[in-house]
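Colleague: Chain by chain, the residues run as shown.
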Amino acid sequence: MIGARKLSHTSALILHAIDAGFVYGFSVMETTGLPSGTVYPAMRRLEADTLIRSEWEEQAIADAEQRPLRKYYRLTPAGKTTLEAQRRRYPLLARLIPIEEEEVPRAASL
Amino acid sequence: MPHPSKRRSGALELGLLTLAGGLVPAVRRREWLHEWRGELGYLHAVAGDGIRARTRRLHFVLGAFADARMVHSIEGEQRRHFPRANGSPITCLFVLGLLLASAYGATYLLAGVRAERDLAPTQIGHGLVLIEDAEDQHHGEPTIAPFQIRAWRQGRQRYFDGFAYYYLAAEVLNDPAQSGQPARWRIAHATTNLLPLLEAPVRLEKQSTVSLTPQLTLVLCESGWKRRYGANPHVVGRVVQVNGQPARIVGVAPDGMWRLPGAADAWLIDPATEQARGVRGYAVAHLTAEGQTMMRSPRVDITAYRAHLNTDAYEGVALYRASVGPWSFFLYATFLALATLPVIVPLERSELNLHAHELGWMRRLLRPLFYAAKLALVWPIAYFTSLDVAYGWPQLPVDLQTYLQLATGFLVCLFGVRWAMQDQYHRCPICLRRVAHPARVGFASNNLLAWSGTEMICTGGHTLLHIPGLPMSWFHAPRWQLRRAA
Numbered sequence: 001m002i003g004a005r006k007l008s009h010t011s012a013l014i015l016h017a018i019d020a021g022f023v024y025g026f027s028v029m030e031t032t033g034l035p036s037g038t039v040y041p042a043m044r045r046l047e048a049d050t051l052i053r054s055e056w057e058e059q060a061i062a063d064a065e066q067r068p069l070r071k072y073y074r075l076t077p078a079g080k081t082t083l084e085a086q087r088r089r090y091p092l093l094a095r096l097i098p099i100e101e102e103e104v105p106r107a108a109s110l
Numbered sequence: 001m002p003h004p005s006k007r008r009s010g011a012l013e014l015g016l017l018t019l020a021g022g023l024v025p026a027v028r029r030r031e032w033l034h035e036w037r038g039e040l041g042y043l044h045a046v047a048g049d050g051i052r053a054r055t056r057r058l059h060f061v062l063g064a065f066a067d068a069r070m071v072h073s074i075e076g077e078q079r080r081h082f083p084r085a086n087g088s089p090i091t092c093l094f095v096l097g098l099l100l101a102s103a104y105g106a107t108y109l110l111a112g113v114r115a116e117r118d119l120a121p122t123q124i125g126h127g128l129v130l131i132e133d134a135e136d137q138h139h140g141e142p143t144i145a146p147f148q149i150r151a152w153r154q155g156r157q158r159y160f161d162g163f164a165y166y167y168l169a170a171e172v173l174n175d176p177a178q179s180g181q182p183a184r185w186r187i188a189h190a191t192t193n194l195l196p197l198l199e200a201p202v203r204l205e206k207q208s209t210v211s212l213t214p215q216l217t218l219v220l221c222e223s224g225w226k227r228r229y230g231a232n233p234h235v236v237g238r239v240v241q242v243n244g245q246p247a248r249i250v251g252v253a254p255d256g257m258w259r260l261p262g263a264a265d266a267w268l269i270d271p272a273t274e275q276a277r278g279v280r281g282y283a284v285a286h287l288t289a290e291g292q293t294m295m296r297s298p299r300v301d302i303t304a305y306r307a308h309l310n311t312d313a314y315e316g317v318a319l320y321r322a323s324v325g326p327w328s329f330f331l332y333a334t335f336l337a338l339a340t341l342p343v344i345v346p347l348e349r350s351e352l353n354l355h356a357h358e359l360g361w362m363r364r365l366l367r368p369l370f371y372a373a374k375l376a377l378v379w380p381i382a383y384f385t386s387l388d389v390a391y392g393w394p395q396l397p398v399d400l401q402t403y404l405q406l407a408t409g410f411l412v413c414l415f416g417v418r419w420a421m422q423d424q425y426h427r428c429p430i431c432l433r434r435v436a437h438p439a440r441v442g443f444a445s446n447n448l449l450a451w452s453g454t455e456m457i458c459t460g461g462h463t464l465l466h467i468p469g470l471p472m473s474w475f476h477a478p479r480w481q482l483r484r485a486a
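Residue numbers (the numbering used here), protein chains in the order written: chain F, 1 to 110; chain P, 1 to 486.
Extracted from the complex, chain F is given alone in its bound form:
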């Protein structure tokens, strides 16, 4: 498939987690069970490969919730295409992290 890149299982899992709504680093870590030394570097690589993009949330939201600012990640169109291909390659991804229908935190401007 043109435009679909091949990823390792770990990278595919992280991509799937972000798509499932776990959109900042720590939530990806908790969901996948992967250590910070794996998750964050993998997310940097995915971002460098333009499969995901990041954006800081608005200061007002963080202030209202009295917590530090968060950096949110989201799949790019290329990332979505790639993830579809990876789901066919790794059918168990969906079972590892079911996609929830509930509302997930979003960056204000995403």
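Hints listed in this document are in silico derivations from the structure and should not be mistaken for laboratory results. A quick note: this is a predicted structure, and the numbers were derived from the prediction, not measured. The C-beta atom is built at its ideal place from N, Cα and C for all residues, glycine as well. Worth double-checking, as some hints may not be accurate.
[What the hints assert, rightly or not] Here are some of the chain F residues that sit facing chain P, going by a computed Cβ distance under 8 Å:
#, residue
1, His9
2, Thr10
3, Phe26
4, Tyr40
5, Pro41
6, Ala48
7, Arg67
8, Lys71
[Claimed, not checked] To give an idea of the chain F side of the interface with chain P (calculated C-beta under 7 Å), a few residues:
#, residue
9, Pro35
10, Ser36
11, Arg44
12, Leu69
Following the hints, complete the assembly by docking chain P onto the known chain F.
Modeller: Okay, now just chain P, sitting in the frame of chain F:
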């Protein structure tokens, strides 16, 4: 107010984060630190403040170092414009070719290396013997007087058709082109036929000066030339004073070329050598064809007849071909490196367990060709680098240069071949690009039924390389898995 231990823990975490931030390029550091501090703050909020929570936060913060390295690496890739040896196959060969050209070019730029290359040992002629007095118990001592040579030359010879002679003397050498006091040299006075008899061309010799010069001629020995002239090739043709007599330097000869006894700094080709009185020296004789058949061992007894059937006993010592030089040292270093290689490279790493039909004959052919090309480039790189390192400083003693060449040749050969093997091991069998993005996969288990290891993917997306974390009977060596387009 927070508990002191909590404050210390928090300071440690922030300190580690700041330390890791040092690895991140400055343009991205502030944002990077901001994100990690924010995530750490969130962890503080959810994890509480027990020992387990502190340990968890510490593990979390330690992950920042891997992340910082990744950011550094990505930033470097985006800025890097020059090719790398672990890039695509073409880039890899280009970089190796560049290294080879640099190492080879340096042999021309460095005077000492250029001289060493020019002075590659030449072979001495067949059928040469050094004649010594049989009564002398110490081999290598000068025992022959000049009049004996004159007598042998005038007599009818059956086994010899040429005699040359030399003796050693400490002489004062004054070089007007060099400032400073005249130096004392160990000069070997040689008959004019010594060099032709040895068939030893002097590489830096200026041909026109040999026969036309009215002065004596002087051939510097390599060690003396390096020590006293710093391997300056321009000394050839210069006229110096040896004990007040003018002598023209016509060339430089390697030290070990002739394997003749006596460690001379220079050879003075002097027609009056055979007329010297009160000296003892060495006789070199060339054997006739009949003489060569009689030379059945390295040492033979020689009997010289004088008047009234009186005889003198001598011993002839065969002069063998000299073959030791930079190339020989390098061959020896290569042999040592290849013998050592299995110690530092696991043999199973060369395993390629993809089925032949999955690759096609062209890819199967290209892979070993690429491997051979890398090795073919690494080997001369090692040779020329060893020359550059060892002979780039002519002031160093000759022995030290030899050791340096041996050590450099060995190390570059060993680690060069190791790099080539490991690089090949990490090359995708389909496109020959490197595999990248290592990721820990699987789960370790106590009963060893589960599988865990490292998975790497070809940057072209063709293959996956699985490396088992714990080798087992059913999965002990790394495996390639072909990826087909999804």
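Colleague: Next, verify each hint and record whether it holds.
Modeller: Checked hints:
With a least beta-carbon distance of about 5 Å to chain P, the hint placing His9 (chain F) at the interface is held under the 8 Å criterion. Here the hint on Thr10 (chain F) is kept, as its CB sits about 4 Å from the closest CB of chain P, short of 8 Å. Because the closest C-beta pair between Phe26 (chain F) and chain P is about 5 Å apart, less than 8 Å, the hint holds. The restraint placing Tyr40 (chain F) at the interface with chain P holds, with a minimum CB-CB distance near 4 Å, inside the 8 Å limit.
The restraint placing Pro41 (chain F) at the interface with chain P holds, with a minimum CB-CB distance near 4 Å, inside the 8 Å limit. A cut of 8 Å between beta carbons decides the hint on Ala48 (chain F): the least distance to chain P is about 5 Å, and the hint holds. Given the 8 Å rule on beta carbons, the hint for Arg67 (chain F) holds: about 7 Å separates it from the nearest Cβ of chain P. For Lys71 (chain F), the interface hint holds, the least distance from its beta-carbon to any beta-carbon of chain P being 5 Å, beneath 8 Å.
For Pro35 (chain F), the interface hint holds, the least distance from its beta-carbon to any beta-carbon of chain P being 6 Å, beneath 7 Å. Given hint, Ser36 (chain F) at the interface with chain P, holds; its Cβ is 3 Å from that chain's nearest Cβ, closer than 7 Å. The beta carbon of Arg44 (chain F) comes within 5 Å of a beta carbon in chain P, closer than 7 Å, and the hint placing it at the interface holds. Contact between Leu69 (chain F) and chain P, as hinted, is supported at the beta carbon level, the nearest pair being about 5 Å apart and thus within 7 Å.
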